[in-house]
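> Protein chains in written order, with this note's numbering: chain A, 380 to 814; chain B, 120 to 435; chain C, 38 to 208.
Because the hints were derived from the structure by calculation, they are not lab data.
Treat the numbers as computed from the prediction; the structure is a model and nothing was measured.
Warning: the hint list may mix true and false statements.
What the hints assert, rightly or not - Some but not every residue of chain B turned toward chain C, in silico, with C-beta under 10 Å:
| hint | residue |
| --- | --- |
| 1 | Gly199 |
| 2 | Ser278 |
| 3 | Leu333 |
Stated by the list, open to error - Going by beta-carbon spacing under 7 Å, a handful of chain A positions derived as facing chain B:
| hint | residue |
| --- | --- |
| 4 | Phe421 |
| 5 | Gly422 |
| 6 | Pro424 |
| 7 | Ile426 |
| 8 | Pro440 |
| 9 | Gly549 |
| 10 | Ser551 |
| 11 | Gly553 |
| 12 | Ser644 |
| 13 | Phe681 |
| 14 | Ser689 |
| 15 | Gln692 |
| 16 | Tyr809 |
| 17 | Gly811 |
What the hints assert, rightly or not - Only pairs whose alpha carbons sit at most 20 Å apart, straight line, appear in this in silico EDC-like list of lysine to aspartate or glutamate:
| hint | chain 1 | residue 1 | chain 2 | residue 2 |
| --- | --- | --- | --- | --- |
| 18 | A | Lys772 | C | Asp126 |
| 19 | B | Lys363 | B | Asp140 |
| 20 | B | Lys375 | B | Asp219 |
| 21 | B | Lys430 | B | Glu231 |
| 22 | A | Lys780 | A | Asp578 |
| 23 | B | Lys329 | B | Glu404 |
| 24 | A | Lys772 | C | Asp120 |
| 25 | B | Lys323 | A | Asp739 |
| 26 | A | Lys580 | A | Glu519 |
| 27 | B | Lys176 | C | Glu95 |
| 28 | B | Lys149 | B | Glu377 |
| 29 | B | Lys176 | B | Asp203 |
| 30 | A | Lys655 | C | Asp54 |
| 31 | B | Lys348 | C | Asp120 |
| 32 | B | Lys307 | B | Asp269 |
| 33 | B | Lys283 | C | Glu95 |
| 34 | A | Lys777 | C | Asp126 |
| 35 | B | Lys176 | C | Glu161 |
All C-beta atoms in this analysis are idealised placements derived from N, C-alpha and C, irrespective of residue type, glycine included.
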Amino acid sequence: MIAGLLLILLLFVLIMIGVPVYISLGVAGTVGLAVISMGQTFGNPFIAIPQSIYSGIGFFPLLAIPLFIFAGEIMNRSGITDRLVRFSVMLIGRMPASLANANIVASMFFGGITGSAQADTSAIGGVLIPAMEKEGYSKEISVAVTASSSTVGPIIPPSIMMVIYGVSVGTSIGALFIAGLIPGILIGLALIATVLILDRKHKFPRRTGSLPLNEKVAITRDAFWPLGMPLIIVGGILGGVVTPTEAGALAVLYALIFGYLIERSLKVADMPVMLKHTAMLTAAVMMIISCAKILSYVLTIFQLPMMLGSFFQTVSENPIIFLLLVNILLLVIGTFMDGGASVIIMAPILTPIALSYGIDPIHFGVIMVLNLIIGCGTPPLGLCLFIACGIAKLPVEKGAKAILPFIAAEIFILFLVTYIPWLAMALPRYFGFAS
Amino acid sequence: APSEAQADDPVVLKYSAVFPDAGAQANGAKQLGVFLEEYSDGKIDFQFYPSSQLGNKIQSLEGLRNGSIEMTEAAASDLGNFSDLWSIFSVPFLFNSGADAIRVITDPRVAELLNKDAEANGFKIIGWWNLGERSIINSKRPVNTPEDLDGIKIRVMQSPMLAKAITAMGATGVPMAWSEVYTAVQQKTIDGLENSPPVIASNKMYEVAKFYSLTQQFIIPDPQMISLKVFDSLSPELQDAILKAGEASQEDFNAKWEEAMASDMQTLKDNGVEVNEVDKAAFREAVQPLIDEYLSNASPETRELYETIIKVRDEG
Amino acid sequence: MASRSANGRMTTARLADGVIHMFESAVCIASLAAIVVLVLVQVFYRYILSSGILWLNEVVINLMILLVLVGAALATRHAVHTDLRMLLDNTPPRIAAILRVIGVVATIGFLVAMIWSSTTYAWESRRLTATMTGMPLWLVYGIMPFGGVLILYEFLAKLFGGSFGRSIEPS
Ligand code: NA
Ligand code: NA
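Isolated chain A, as found in the complex (with noise of 0.2 Å):
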């Protein structure tokens, strides 16, 4: 137990030192290894540093990932980004606080075409942190709903965080990214509450002029292809079609016929250049689930999650004490590491002991999606952030106090997914994917 927490420690203090997140993981579970060896041990423990690498990797439905971040990379290279966010400034129309709003709605439609929140804010911040700037929204409140934002991204689905979950704990992918729906658009409109309440004191710029009507028609015509792409995965796998694995490479070939044939703003030399940065990405998403399952068979073997179950099962058998404390537990880990990460050592621990308090285990995986990604938002492992504050070139400090009223409202849904499962269940029950 006390070794157990002196290794989290330790990776903390590593990350925190600026060791990459998955050497940090790799270098405490090797610590971890290398006390089991000086205990009784009959064989050689380091045989877990492959075995967890190869098992990280080599498993199916994880194929989905390259495949869903490649999609994403060919679909923002042929230019989508702009399509959607003048798609979603055109929705927003004069609704006060515009441009801040259409960045939302953007992020909303974004997240059906990328399954991870850095990618987001990459793409839409990219655009929309000058715009808002140029019209007059100050750096931090741009920084804060970009970044907010962007985190709908792997709740909508689709969704790398979920495809983890589900390998992780053996339950149906297809029916995680189904759940996160309701909740991703939730905490949308969560977010554009937010924008108008500070709006009232703030008075942001808001848009005042109308598109003309032809201008409105190409402007949606120009949003229809990208939009198809989240139809042809939530509508696959809703229509028994695919597997998340066979949408991920339907939604390749989507991109590819969208960008090649139809857009045409793709060339044929753009096609190693997107291969080699989707594979970069890939390794690095991939390195950290292979590394933190070196960290979680060391924490298994140090019996930190029977201790943790039976703490649990101490404090309270009421399940709603039990997930407000999950609420917190994840919330403060969310903060300090990967989500990647932390899914796959936290979800072996916690799952089964939310099915023994009668919780549905892809409730929970929603519930935990939610929680960890708030953390993407906040300091100091807040890695949307980071990349918003980048673009604005601004103070990271800064940031992080602009997006507190933004972190409150995504806490306030996360709370309301927790206690209403419906909100999550709905759709999959509905659709068959759970009894």
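Please arrange chains B and C with the ligands on chain A, whose structure you already have, making use of the hints.
Below, chains B and C with the ligands without anything else, positioned relative to chain A:
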């Protein structure tokens, strides 16, 4: 080097399993732990790690070879990853029933061949669990003959023989991760799967497929194993306790399995599943070319084992 | 004379570094492209031809291992791995230098442990073959130590950029 403190500490035996912490197998593992601790007078500390916490089947088996994991269980055919001999358990219609398979493989003539090969690969078998017969359940129609399987997509496991046998029986084999199977049948991505009644019942497959045909193509018992490296380093008293515990577990589990089997079959029927007997001879005939091909490519040891199994089986 | 031979070494190092970079890129591009094509072929088989290809999953998984391990080296070169620089940037230079050294030692330590343990693992599996394709397992598992060596190379090259014939690129 073992110090004085270690001499007094109980020996920790970590038991790695892929099945969840509930159900017949989990209960069987926990009961094995009770036997181990009891027969060793508390000199063994049994630690149960369900749900693949220490890794999947291959990782657990590698752990046993290495000594970093002390105990595990696996389908006998899974040992085929380490030695060709164990692919014999992938041969369709090899045994008459799960219970009869236990009789055959614990017969000294068969057991000797199996144990020798297991130990050569670092595994010490201490008992055998009967995990019943795997049959086809599908959402389209009752299956009586190979023709009825025409056009039906059945999920197959990642093993050449197990997959080819399903195809030879007349179905279309589709490899798929177990976690996606329920949804895939529900969504009609595939039409069915093959497994034993307890697995089908506990995964609620009866909600999505209503025709269970007792094809009984695969009968694959689970050996309970301890790492040979670990076993050899223990005192004769502990070794004795472990062997006794394995025997007790075999008897206990297999008795309980028959009860579970009957009640799970009832669960299927209660949930509207139509269960039917099949023309087994027709299926046997359909897979015979596959078996002939397998035997002609097999090593002399594997052929010897096959012949011994058939001989012992037909005596019974 | 001395400087010319030093220059010669520089050129060789730069050339070697370039070859390694090209190799890594080629492996990543080829394996990802193959994965996409094979999964599409699988979709085609399942839905159009109503059958499955049994060996395909295993091949795709092994391509994925190759993609990730070599991709991890490439990601080290291009600084794509997730890390947290912020805190170090706001630390007094002296302390930051010490912390950096600790980080470097930890990184090299892990990579060496990974290379050593996965080499052992591959060696112990030298007589085994993969289930569906019959490919030798040492070849599959050997991707891990191979990737580990590439990652270590990229890490050291980044650390001592100059001696590897690399200009220090901003990350
Ligand atoms: Na998404
Ligand atoms: Na946004």
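> Does the nearest C-beta of chain B fall within a distance shorter than 7 Å of the C-beta of Gly553(A)?
5 Å, holds
> Interface hint check: Ser644(A), Cβ to nearest Cβ on chain B, cutoff 7 Å. Holds or violated?
Not OK, violated: Ser644(A) not within 7 Å of chain B, min 34 Å.
> At a threshold of 7 Å, is the proposed contact between Gly422(A) and chain B supported by beta-carbon distances?
It holds, given that the least Cβ distance between Gly422(A) and chain B is near 3 Å, below 7 Å.
> Can the restraint linking Lys176(B) and Asp203(B) be considered satisfied, given a maximum Cα separation of 20 Å?
Given that 20 Å is the threshold and the Cα spacing comes to 17 Å, the pair holds.
> Given the hint that Lys655(A) pairs with Asp54(C), does the C-alpha gap stay at or below 20 Å?
Between Lys655(A) and Asp54(C) the Cα gap is close to 17 Å, so the pair holds against 20 Å.
> With a cut-off of 7 Å, does the beta carbon of Ser551(A) approach a beta carbon of chain B closely enough for the hint to hold?
For Ser551(A), the interface hint holds, since the closest Cβ of chain B sits about 4 Å away, which is under 7 Å.
> Taking 20 Å as the top limit, are the C-alpha atoms of Lys329(B) and Glu404(B) close enough?
Not OK: Lys329(B) and Glu404(B) at ~26 Å, beyond 20 Å, violated.
> Let's test the interface hint: is any C-beta of chain B closer than 7 Å to that of Pro424(A)?
Constraint on Pro424(A) satisfied, holds at 5 Å.
> For the hint on Gly811(A), just tell me whether its beta-carbon gets within less than 7 Å of chain B.
The hint holds - Gly811(A) has a Cβ within 7 Å of chain B, the shortest such distance being about 5 Å.
> For the pair we were handed, Lys375(B) and Asp219(B), check the Cα-Cα distance against 20 Å.
16 Å, holds
> With a cut-off of 20 Å on the C-alpha distance, tell me whether Lys307(B) and Asp269(B) pass.
Distance ~16 Å between Lys307(B) and Asp269(B) Cα, so the pair holds.
> Compare the distance between the alpha carbons of Lys363(B) and Asp140(B) with 20 Å, and conclude whether the hinted pair is satisfied.
Violated, at roughly 24 Å.
Of the numbered hints stated above, those contradicted by the structure are hints 3, 12, 13, 14, 15, 16, 19, 23 and 31, listed in ascending order.
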